[in-house]
Each structure stands twice: as C-alpha cells, then as structure tokens.
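Protein sequences appear in the order of chains A and B.
Per my numbering, the very first residue in the first sequence carries number 3; after that it's consecutive.
Per my numbering, the very first residue in the second sequence carries number 3; after that it's consecutive.
Don't take every hint at face value.
Chain A stretches covered by chain B per the calculated footprint, using a threshold of three residues with CB under 8 Å from any CB of chain B [to be verified]:
hint	region
1	22 to 35
2	58 to 69
3	80 to 94
These aren't lab readings, by the way, just hints derived from the structure by calculation.
In this text the structure is predicted, and so the values were computed from the model without any measurement.
Every residue, glycine too, gets a C-beta built ideally from N, C-alpha and C.
Protein chains: 2
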Amino acid sequence: MTSLPRELRQLIESGPFAFVSTINADGSPQVSVVWIGLDGDEIVSGHMGHYVKLRNIERDPRVVISFLGGDVPGSFLEPYAVLHTRATVEASNDAWHLLNRLTKVYLGPDNDFPAPEGPGYIVHYRVERVGGVGPWAPAAHR
Amino acid sequence: MTSLPRELRQLIESGPFAFVSTINADGSPQVSVVWIGLDGDEIVSGHMGHYVKLRNIERDPRVVISFLGGDVPGSFLEPYAVLHTRATVEASNDAWHLLNRLTKVYLGPDNDFPAPEGPGYIVHYRVERVGGVGPWAPAAHR
Numbered sequence: 003m004t005s006l007p008r009e010l011r012q013l014i015e016s017g018p019f020a021f022v023s024t025i026n027a028d029g030s031p032q033v034s035v036v037w038i039g040l041d042g043d044e045i046v047s048g049h050m051g052h053y054v055k056l057r058n059i060e061r062d063p064r065v066v067i068s069f070l071g072g073d074v075p076g077s078f079l080e081p082y083a084v085l086h087t088r089a090t091v092e093a094s095n096d097a098w099h100l101l102n103r104l105t106k107v108y109l110g111p112d113n114d115f116p117a118p119e120g121p122g123y124i125v126h127y128r129v130e131r132v133g134g135v136g137p138w139a140p141a142a143h144r
Numbered sequence: 003m004t005s006l007p008r009e010l011r012q013l014i015e016s017g018p019f020a021f022v023s024t025i026n027a028d029g030s031p032q033v034s035v036v037w038i039g040l041d042g043d044e045i046v047s048g049h050m051g052h053y054v055k056l057r058n059i060e061r062d063p064r065v066v067i068s069f070l071g072g073d074v075p076g077s078f079l080e081p082y083a084v085l086h087t088r089a090t091v092e093a094s095n096d097a098w099h100l101l102n103r104l105t106k107v108y109l110g111p112d113n114d115f116p117a118p119e120g121p122g123y124i125v126h127y128r129v130e131r132v133g134g135v136g137p138w139a140p141a142a143h144r
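Between the sequences and the hints, there should be enough to build the whole structure, so can you do that?
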C-alpha cells in the first residue's frame with residue numbers, strides 16, 4: 003500500500019490511543035497501547051525503553067495496529083481501524099523528539115514529554131492492509 | 003484468576019468497544035472489535051457467524067481482549083485494560099439473546115439486536131491475567 007486514505011490520516015493525526023498487537027516468543031498475542039503519528043505514509047511510535055513489544059517486533063514484524071474512530075451516535079459498532087503492518091525497530095536519538103511532538107497531540111500543545119531526553123527507539127509501521135469499520139474499510143473486510 | 007476487580011467489572015458492564023486479538027493459522031495477529039459482557043467472572047461475546055476470529059480461537063485459545071477505560075483529563079495514557087484470556091467457542095441458540103442484551107448496553111435500552119433470531123456462537127473468555135493502565139493493573143505490568 004502506497005498511500006493511506008485521507009480519513010485515516012486525519013484520524014491518526016487526531017491522536018487516537020492505538021492498540022499494538024504483536025506475537026510473543028511462545029506464539030501468544032501481546033497487546034499494549036501506544037501513541038502514534040505519521041511519517042509520510044508510514045505510522046511511527048516512539049519508545050524510551052526496549053520493551054517486550056519491541057523485542058516481539060524484532061522477532062516477527064507482522065504487527066496489527068487498531069484504534070477507535072470516534073463516536074458516531076447510534077452506530078452499531080463505532081468506526082474503528084485495523085491496520086495490518088510490517089514493523090521495524092530502530093535505535094534512535096530522535097525517539098524523545100517524536101514523543102515530544104506526539105505529547106502536543108495527545109496531551110495538548112503546551113505540554114512537553116515528561117521523561118528526560120535520551121536515546122530510545124522508533125518503530126516504523128508500513129501499512130499493508132487496512133480493515134475495520136469506517137470510510138477507510140470496505141465492508142467486505144469486516 | 004477467580005474474580006475480576008470491581009472497577010474492571012464496572013468498566014466491562016459500561017459497554018467498552020473491545021479489541022479481540024487472536025492468532026491466524028500463519029502465526030500473524032488478527033484483531034477485530036466486539037461487544038462484551040460478563041457471565042459471572044468470565045467475559046462473553048456473541049456471534050451470528052463462524053468468523054475468522056472464532057476459527058482462530060478454536061485453533062489457539064490464547065486471546066487478548068483490550069479496551070479503553072474512559073477519558074481522564076491530563077492522563078498520560080488513558081486508562082486501558084489488557085486481559086489475557088483462555089477462550090472457548092460454543093455453538094449456541096442463546097447467541098442472539100446475548101447480543102440483544104448487549105445491544106441495550108451499547109446502543110441504549112430501547113434497542114433490539116437488528117439481525118434475525120437464529121443459531122450462533124458464544125465465546126467465553128476466562129481471564130488469566132489483567133494488565134494495562136488503571137486501578138485494575140499493577141504499575142509493574144506496564
């Protein structure tokens with residue numbers, strides 16, 4: 003997939019809490035919530051530690067990111083996005099700066115990321131397939 | 003785990019949109035959003051078709067259910083729950099009735115489930131471990 007649907011880009015840039023599903027070493031699912039942003043047509047997240055989800059991604063890059071799309075009164079299921087991605091982890095001195103940028107989206111423009119600056123990790127997610135319920139998802143994919 | 007924390011039960015009964023993470027046959031993650039309810043200390047969901055997630059659960063019962071816990075202004079990450087469960091699928095004539103009960107939670111007390119009555123499936127999720135961020139989750143699990 004080379005470009006994300008406009009409505010999906012807008013939703014990502016609005017700061018949804020994103021569930022990241024990875025696979026543990028024993029094959030079981032692992033889920034945590036992260037902040038996400040856009041880097042061109044890829045999704046990015048920043049991390050100040052080498053957490054379980056990053057180790058999982060390094061072992062198996064197949065990652066699903068899913069998030070709600072805002073309340074639509076009377077809708078049967080809230081709009082939501084399920085993004086099937088290939089993810090890569092890189093050690094980066096820019097992780098804090100990414101997190102600081104996302105802090106202004108998720109917590110408000112006057113906020114700074116509260117952790118001290120330092121080296122971290124950035125995950126890039128290349129979106130291979132878009133599903134869910136909403137203007138970004140064909141109904142057949144539900 | 004024999005009993006769910008009170009705050010978690012209240013959250014489930016408030017009708018959160020729940021992300022269900024299962025494992026596909028090829029080992030990749032699969033995610034969809036479902037309605038959930040309580041049946042004693044287990045979580046339940048109802049389904050009118052034998053969807054991919056149900057086939058995945060029959061192959062590998064390790065399922066993670068995750069959902070947001072409501073907005074807390076200024077919180078760094080919204081409260082959220084990550085429930086590691088063992089799930090079982092059963093064909094059931096009560097699936098529609100479960101979905102009809104949940105319709106009143108998720109869409110409002112005057113609503114009925116819009117699909118015609120008929121046989122379906124109920125998934126029971128036995129919660130083995132509770133994580134996330136909130137009163138139900140020890141900080142060390144983050």
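| message | Check the structure against each numbered hint from earlier and tell me which ones fail, lowest number first. | response | none
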